[in-house]
Amino acid sequence: MTDAELCFLDIATLGKLYRQRAVSPVEATRAALNRIHELDGKLNAFITVLDEPAMEQARQAEAELRRGEDRGPLHGVPISLKDLFDTAGIRTTCASRIRRDFVPEQSAAVAVRLEEAGAVLLGKCNLLEFAYGIVHPDYGQCNNPWDVTRTSGGSSSGSAASVAAGMGWASLGTDTGGSIRIPASYCGVVGLKPTYGRVSKRGAFPLSWSLDHVGPITRTVEDAAIVLQAIAGYDPLDPSSANEPVPDYRAMLNEAVSGLRLGVLEQHSGDDLHPGVADVTRAAIAELEKAGMHVQPVHLPSLAQADAALLFAVMPEATVIHQEWLRTRPEDYAEATREQLEQGALIPAVDYVRVQQYRRRLLNEFLEAFREVDVLVNPTVAWEALAEDPTVAAGQGAAEARRTGPHDLVGLPAISVPCGLGKDSLPLGLQIAGPPMSEALILQVARAYEKRSDWKGLIL
Amino acid sequence: MRGSVTPELAQVMARLAGFEFTLERCAKIAPGVTWLMTQAEQLDGPWLMGEEPFTGWHNPLPLSHPSKPIS
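Keeping their order, the protein sequence lines are chains A and B. If you read the first sequence in the numbering used here, its first letter stands for residue 1, the second for the next number, and so on. If you read the second sequence in the numbering used here, its first letter stands for residue 1001, the second for the next number, and so on.
Don't read these hints as lab results, they were simulated from the structure. Treat the hints with care, as some may be off.
In silico SDA-like links for lysine to any residue, alpha-carbon gap of 20 Å or less [what the hints assert, rightly or not]:
| # | chain 1 | residue 1 | chain 2 | residue 2 |
| --- | --- | --- | --- | --- |
| 1 | B | 1028 | A | 391 |
| 2 | B | 1028 | A | 395 |
| 3 | A | 451 | A | 441 |
| 4 | B | 1028 | A | 329 |
| 5 | B | 1028 | A | 394 |
| 6 | A | 16 | A | 70 |
On the chain B side, residues computed to face chain A include the following (Cβ under 8 Å) [as the list claims (entries may be wrong)]:
| # | residue |
| --- | --- |
| 7 | 1013 |
| 8 | 1014 |
| 9 | 1021 |
| 10 | 1029 |
| 11 | 1032 |
| 12 | 1034 |
| 13 | 1040 |
| 14 | 1054 |
| 15 | 1057 |
Residues from chain A that keep clear of chain B, each with C-beta distances beyond 12 Å, as calculated [to be verified]:
| # | residue |
| --- | --- |
| 16 | 34 |
| 17 | 101 |
| 18 | 137 |
| 19 | 149 |
| 20 | 206 |
| 21 | 386 |
Predicted, not measured: the structure shown is a model, and the values here were computed from it. Ideal Cβ positions, reconstructed from N, Cα and C, are used throughout, including at glycine.
Produce the entire structure from the sequences given, and follow the hints as far as they go.
Quick look at the structure:
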């Protein structure tokens, strides 16, 4: 097996080979690190690469597995983290000048959970500055592995690019308006935004308290289920954490979807889609119909205001989070990040409150729709990867998040799964969304689609 | 119509929110704020009256909640 073949195995297969002693965690980690050093000069997916610490973790995992101390499916699996998750003793920059030298004393809750699951941390991934829509010039854009003249998408750009390019088996991202699902769509990988509260946010630098979500980016749906299993669950130290039982996310994964009801969001199937996107989406929905799902249109009366609502929720919260640095170190932000933060200071309080009323209205419309259908589908983004990331507070930025943002506003789970190539031969994503705590269901539907699709991913 | 936000108005709005931005900075951000205000108009008006603010997916109000406007 070549290094490239090894690096594109799915997690379950890699784990099986570990336990057969056909491949070792040390070999897999070395292969992944080699790929990072070979490819990242063009991609810029990593801010910090942890060569020796990763090899040490891999040696430990290998020894534990040989002793029969098996921590489960992530044991010895090389992964990465978006560089806004605190990692004790490891620099956590948020791709900013302000946090360039910040070394946390404690790790984020999800980093601890992955470590306890035996995962090997390869490094910390590039992102848009503080996950807020703009590339900081000190770090530069994370380029798309499918076309290095395009962006990998924001804000979890390095996470999606690294997974797509075989530089690790999974990564964690954060999603406030689409920052897991948008780069997953652009890079042709799977991105899962869980229900608000499903995964602890403790130790993840916030962009917007009421909208931030933590979730996995992987190459397959089963891999997403494996990673979610490791990170999901109640965290009493995170006030937003939901004290709900965690199901076995792989138990239902290969169950038939026949008889399930598939709602197609009418308002997200329309005019703003770039050429080719509607056709690819229709073909994907047709595959799910062939699998026995009942397709019906869904209309959410208040969805049209979601673009505006997202802006008026994110912007003031982000400004409050950054207010001290905005006063004391404004010149250290990228110019466009600074402008967005300054603009957020000017959002009237009444608009922020109206958005909270709107979110209630939209949530009730979603819940009403989920009485009629089991899941909702639509394209993840209306287009293929752009040359660079649009700013949040501009028409294109709002439009980029049009199909992902509503699920952040109401806190409901959604997954993006690759569904084909657009007119520029770049990946497109199909978004599958469900009611609260329905991650097992949307993973099941995503897996049903994945099995029927001829998606090959990227082999570099 | 909320109208356009001039740099001077942006500076006053920032001050009322507790921020001191120079007029030069406000000249940079004012066009964006004007655009944002046009977006905010979508949420103006009485259509959300009576709606309770969102406090999370785990706490949805029943559709017949008395705080909803009577149509």
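Which hint numbers doesn't this structure obey?
-> Number 12 - this is the single hint that the structure violates.
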